[in-house]
Structures are given as structure tokens and as C-alpha cells.
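S.K.: Read off the chains here:
2 protein chains.
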Amino acid sequence: MGGDLGPAAVVEGVDIAVRRRGGLRCLLHGKRDEIEPILARFPAARDASEIRDAETFVTMDDKPSEALRRSRGSSMWNAIQAVKAGEADVAMSAGNTGALMAISKVILRMKPNVHRPAIVASWPTPRGFSAVLDVGANIECTPTQLVEFAILGEAFSRAVHGIERPTVGLLNIGAEELKGNSMVQEAAQLMRAAHLDLDYYGYVEGDDISMGTVDVVVTDGFTGNVALKTAEGTARLVGRFVREEFTSTFRNRLSAFLSRDVLRGLRSRMDPRSANGGVLLGMNGIVVKSHGSADGEGFATALRVAAGMAESNFLSEIEHNLHRLARMSDAAAEQAAE
Amino acid sequence: MGGDLGPAAVVEGVDIAVRRRGGLRCLLHGKRDEIEPILARFPAARDASEIRDAETFVTMDDKPSEALRRSRGSSMWNAIQAVKAGEADVAMSAGNTGALMAISKVILRMKPNVHRPAIVASWPTPRGFSAVLDVGANIECTPTQLVEFAILGEAFSRAVHGIERPTVGLLNIGAEELKGNSMVQEAAQLMRAAHLDLDYYGYVEGDDISMGTVDVVVTDGFTGNVALKTAEGTARLVGRFVREEFTSTFRNRLSAFLSRDVLRGLRSRMDPRSANGGVLLGMNGIVVKSHGSADGEGFATALRVAAGMAESNFLSEIEHNLHRLARMSDAAAEQAAE
Chain L
1 MGGDLGPAAV VEGVDIAVRR RGGLRCLLHG KRDEIEPILA RFPAARDASE IRDAETFVTM
61 DDKPSEALRR SRGSSMWNAI QAVKAGEADV AMSAGNTGAL MAISKVILRM KPNVHRPAIV
121 ASWPTPRGFS AVLDVGANIE CTPTQLVEFA ILGEAFSRAV HGIERPTVGL LNIGAEELKG
181 NSMVQEAAQL MRAAHLDLDY YGYVEGDDIS MGTVDVVVTD GFTGNVALKT AEGTARLVGR
241 FVREEFTSTF RNRLSAFLSR DVLRGLRSRM DPRSANGGVL LGMNGIVVKS HGSADGEGFA
301 TALRVAAGMA ESNFLSEIEH NLHRLARMSD AAAEQAAE
Chain S
1 MGGDLGPAAV VEGVDIAVRR RGGLRCLLHG KRDEIEPILA RFPAARDASE IRDAETFVTM
61 DDKPSEALRR SRGSSMWNAI QAVKAGEADV AMSAGNTGAL MAISKVILRM KPNVHRPAIV
121 ASWPTPRGFS AVLDVGANIE CTPTQLVEFA ILGEAFSRAV HGIERPTVGL LNIGAEELKG
181 NSMVQEAAQL MRAAHLDLDY YGYVEGDDIS MGTVDVVVTD GFTGNVALKT AEGTARLVGR
241 FVREEFTSTF RNRLSAFLSR DVLRGLRSRM DPRSANGGVL LGMNGIVVKS HGSADGEGFA
301 TALRVAAGMA ESNFLSEIEH NLHRLARMSD AAAEQAAE
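Quick note, the sequences are listed as chains L and S, same order.
Numbering follows our numbering, in which position 195 of the first sequence is assigned residue number 195; successive positions increment by one, without gaps.
Numbering follows our numbering, in which position 212 of the second sequence is assigned residue number 212; successive positions increment by one, without gaps.
Here chain L stands alone, though its shape is the one from the complex (with noise of 0.2 Å):
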């Protein structure tokens, strides 16, 4: 039900998504009367999917806390408890980002020695796409929190985007040592710490992202929500610029003409909603999360990065990971009591 755009955008992507990927089935968690009318004009989805009648939904403008009093047997809650019950591999929303975290949270419950859920994001670089975590759930993080998205975010690359041995940097505002703010620092200090077993690579800057020199980029939510939007926001800038030159004079548009298979293939790869859909880490129970505004096309693209997750072995990395987590609060709490 959620997204700006309301079960329209979610059918109408679930039906791209089924017709590019067989083998694909969905529970459709939302309002019966107006989701039917909307399935009988899409056939590939209608075979695919069956909905769940939900008398309740979670609003845009809901506060998380509100939210989750008043969410039972909304769509949103029944749609993270099809993950719990094992109906569901995996839970997708476009709604709202807090209340979404916060039922996830009540639902499926945190992972062993971990704080709070962190959202990757997969970005593309030259060599692919880095896992950039957290951008948006965390406002205000813990050094040990960052330690935290690091292991996540590391088990993130290596099942979804296919990296053995993923390096680690922690996003900051200079290469030296004794740049950055004390979050950051302290958080250093504890990736070094051998027993994490981390390929640690120490700090990168904003433009590190882009340019791929890690393989995980590690940050609290607001630093990394507003990288991720002032990134969106330069390609839609720069797409305008290409747009603006390519139209400027009866000569220009004449190139465009002739290079028009050139900046289709240009549109497509830096068509935003190709990059759709943020991973919700740290729970037990995949939950992926859409942007709000993403049309069809968005949607299929975040139900593809779901499906991704659901046959990665993403929880069997996970597992791994969070022994180490485990070691290093032992070893903490060791240091405590000597």
C-alpha cells in the first residue's frame, strides 16, 4: 500500500519483475477491494501473486513510534511476519522508512551482538557496485555501531555482490590520521583490532564512493543518507547538462540524431531507478526497502535486488560474521573487568 505512488507502482512492478525473472511468487499484504481492480490489468502479476487482505496501512507521514503502536494487522507488520512465519523469504515496502524498521525490529528481532538494523546501498563504481552502509536508518551512530555495519556490510558484499574478501573503509573528511571526529577515530581503532578479522583499509572520502577504492564504505545513517542523495542528485544534474548540450544548437541536436544509440545505452546506465531498493541488515529476516517515489520500473528493480537476497547466502555469511562480533564484545568486556 505504501510508496507515494500507492499499489499501482508495487503491481505494476511486481508484473516487470515476474515477466524478466521466472520463479518468482508474491503476497500482495494491502486493501483486497483496491488491489484486485489494479491486478486484473496485469496478467503476469495476477498468476504470480496472491494478496493478502489487510484492513490497516502505515502512512508516509506515521511516526515510527505511532507506527508501530497502531500497526498490528497493517499490511506492513503482516508483510514482515510472512518473513517470520517462513511464508516469505524476504519483505519489500516502499512506505515508510522509520515504521518499517521499527516493526522489523519487533517482528523479526535483532541478531545476536547487533544494535540496530543499518540500510545498504548498492552503489555503482568502475568495477561494480560497493556496499555503502548505513544510509538512513541511524541518525546518530556509536563507534561500535560502525563496527557493526562494517561485519554486516561485509557479509552483504560478499553473498550479494560476489567479492571474497571485501575491503573496509570507514567514510571520513581527510586520508591522515588525525583527521575526522571522534566517532570515526574511536571507530578506527576497533577495525584494526586484529581479532575482528577484517580486511580493514582505513578511511576514504566522499569521493572514495564513486571511484570504488573499497568494497564496503562504512558511515552513520545521516552522513550516509545525504552522500546518497547529493550523489542522485549530481547524475540527475549532469544528465540535465548532457541533455542541455546535445539540444543547444540545430547542429548539437543533429549529433544527437546520429549518437542516439550511444545516449540511450548512456540513459539506461545512469537511469536511477537501476540503483532502487536498500537492504534492511542486522535482523533475522530479510526486509528490502524502496525508495518512496519509485515508479514500476523502481520497484521491479528493488524486488530483483530481494530476490537477489533471498537465494544469496547472505544469512549463512551473516552467521559467520557475527562470531567475530561476538569475540570483540568478549574482549571488551574482558578490558572492562581487568
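Each hint should be verified, as a subset may be incorrect.
Unchecked claim - Interface residues of chain S toward chain L, partial, derived using beta-carbon atoms under 8 Å:
1) I139
2) T142
3) G202
4) G206
5) F222
6) L237
Said to hold, decoys possible - Reference excerpt, derived from the structure (chain L facing chain S, CB under 8 Å, subset only):
7) E140
8) T144
9) G206
10) V226
11) A227
12) L237
13) F246
14) L258
Said to hold, decoys possible - Computed footprint of chain L on chain S, listed as stretches where at least three residues anywhere in the stretch have a Cβ under 8 Å from a Cβ of chain L:
15) 208 to 214
16) 223 to 234
17) 324 to 330
The set of hints was computed from the structure by calculation and includes no laboratory data.
Idealized CB from N, CA, C, for every residue including glycine.
Guided by the hints, dock chain S onto chain L, whose structure is given.
M.R.: Leaving out everything else, chain S in the frame of chain L:
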């Protein structure tokens, strides 16, 4: 003497800038023995410059506190001292940012009611440029400092970008009131206080910067620096995509040849060197920081920014704006007394 490329890039930059714009005169502070032979190769720069011999210089690796202690008589110190003495209108450096700030503060002193300098960047948008600050001078900020940045940035936008009544936005991770960290939320309350007489727009997100939603974007130096570098990295990645698409097949290379004028226009529009030059605001005098990695072309751009600042009415604009800050701190004092 500063910057990754040393005096050669500076002299070449002066040469380019002087040839583009008459009436520019430069004092080159540094080791005469090193500068003189370089200057001999650039006649335009030689005619417009005067070397001021300095025995020592601050290196890129010096910690700001150490640099400050040992900096008296260094090239950086002397350049800023020349502004204080009225010999120069602007001081410019491609050297160590932290040292530049620390030395500037000591020599030029802060304007009344401004606590620390901020670095402002002119960020390209579809409508021209937005002023974004702080982009790296202050890693941790208070809400009051963010308001000071707003006041400084507004005067800058009016004086340098020529916007009569600039709108001001606070960088955050969601447009809704309930989002954002406590620092940003407190700053928003202060900004809304009527006696500031600011055209406060409200929160903006990362993608709003490149869209030019507001004329002045206010943020702390950590977030601002990450955003600026992320945008640079993204623009570079997109440029790479354009190059790759236009060279991937013979047909596409032919398209590139037929579109060479458009692509040349695009390249110059996306040249990161055309956005070089951060201005340090808040002191009794103007200091401009060039990227450490700037080559001659980049340094020339920063010199253009510096010359523009010198000719602008920024210093009188700022006097006017500072009265508002004084009113704010008076109001705060009254409240405290009550």
C-alpha cells in the same frame, strides 16, 4: 609554496589568471630561489608579480597546532599578514587547510559574534551556483555555529552570486520536521527566529543541493565535506560512463567524432577544475583555499574566485548581516537572564 604540486602550479595559475583578466597583481610568498626560475618561464605572471622571500613554509602534513607554533615568518603567515597590513586584498593558498585556518584566525581575528571560520563552496546548479558551507573547516558544530554559517553564507550569496534575497536551507535527511539529528533540529529553531531576518526555507536533502532548491545550504564541516567530495566523485564517474559509451564500439566512436563539439562543451562544463576555490568566511579579511591537488588551470580558477571576492561588496554585506547575529546573541542573553 603549498599544494601537492608546489610553486610551479601556483605560478602557472597566476600566469593563466593574469592573461584572462587584466589588473590582477600578485605577491608570491615563498623561497625566492625556487620561485624565480619558474617565474622566468611565465612572462605574464612575472610582469604581474612580486616575490616576497620567506625562509620557511608549512607542509601538508603539519598538524594545525604545530604549524601555528612554528609558522611566524613562513610563506603562509606572510601571505595572510599582507591582508592584515592592507597590502593585499585576499590571501590565497593551496596548502594545509587546518594550518591556513588556524593562522588566519590568529592574524585576522574573527568577526564579532562569529566563533570559527567556515569554508564556503560555490556549487553548480541548473540556475547558476549555490553557496554550500561549511565544507570542511569545522568537523563538529553547535546549532549556533550553523546559524553563523547561514548569516555568512547569505552575505556571500548576495555579494558573489548576485542574489538579492538568498534563500537558506539546512541540510538534513528528510523534509519532515521529525527527522534529523538534534543539532540540526535546534539550529532550525534558531533559524526560524524572526529577528534574524533570513529567508529560511527549511530542511533540504542531499539531492536538493545540485537541484539548486535554495541559494545557501548550511551544514557542518564533516557532512559538507563528504557531500562535496561525493559530488565530485559522482561527476567523475558519470564522465567516465560517457567516455566508455562513446568509445565502446566503432560505431559509437564514429558518433563521438560527429559529436566532438558537443562533447568538448560538456567536458569543459564538467571540468572539476572550474569549481576550485573555497572561501574562508567569518574573519576580518578574505582568505581563499585552493584544492591541494589543483594544477595551473585549477589554481587560476581559485584566483578568479579570489579576485571576485575582492571586488565584491562582501565585507560590507557581512557587516550588515552581523548585526543580526548580535541581535540573536542579545536575545539569548536576555533569555538566560530571565
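S.K.: The structure should be examined with respect to each hint, and the outcome stated for every one.
M.R.: Verification of the supplied hints:
1. A cut of 8 Å between beta carbons decides the hint on I139 (chain S): the least distance to chain L is about 5 Å, and the hint holds.
2. For the restraint placing T142 (chain S) at the interface with chain L, the shortest Cβ-Cβ distance is roughly 14 Å, beyond the 8 Å limit, so the hint is violated.
3. Contact between G202 (chain S) and chain L, as hinted, is not supported at the beta carbon level, the nearest pair being about 16 Å apart and thus beyond 8 Å.
4. Taking 8 Å as the C-beta contact cut-off toward chain L, the hint placing G206 (chain S) at the interface holds, the least distance being around 3 Å.
5. Satisfaction of the interface hint for F222 (chain S) is found here, the shortest Cβ-Cβ separation to chain L being roughly 6 Å, below the 8 Å cut-off.
6. This hint holds: L237 (chain S) has a C-beta 4 Å from the nearest C-beta of chain L, less than the 8 Å allowed.
7. The restraint placing E140 (chain L) at the interface with chain S holds, with a minimum CB-CB distance near 6 Å, inside the 8 Å limit.
8. For the restraint placing T144 (chain L) at the interface with chain S, the shortest Cβ-Cβ distance is roughly 18 Å, beyond the 8 Å limit, so the hint is violated.
9. Taking 8 Å as the C-beta contact cut-off toward chain S, the hint placing G206 (chain L) at the interface holds, the least distance being around 3 Å.
10. Look at V226 (chain L): its Cβ gets to within about 4 Å of chain S, closer than 8 Å, so that hint holds up.
11. Of the supplied interface hints, the one on A227 (chain L) holds, with its beta-carbon coming within about 5 Å of a beta-carbon of chain S, less than 8 Å.
12. With a least beta-carbon distance of about 4 Å to chain S, the hint placing L237 (chain L) at the interface is held under the 8 Å criterion.
13. For F246 (chain L), the interface hint holds, since its Cβ comes within 8 Å of a Cβ in chain S; the closest pair sits about 6 Å apart.
14. Evaluation of the L258 (chain L) hint against chain S yields a held restraint, the C-beta minimum of about 5 Å falling below 8 Å.
15. Figure legend: the segment 208 to 214 of chain S, annotated as covered by chain L; annotation consistent (4 residues with Cβ-Cβ distances under 8 Å, at least 3 required).
16. With 11 residues carrying a beta carbon less than 8 Å from a beta carbon of chain L, the segment 223 to 234 of chain S meets the three-residue requirement, and the given coverage holds.
17. Figure legend: the segment 324 to 330 of chain S, annotated as covered by chain L; annotation inconsistent (0 residues with Cβ-Cβ distances under 8 Å, at least 3 required).
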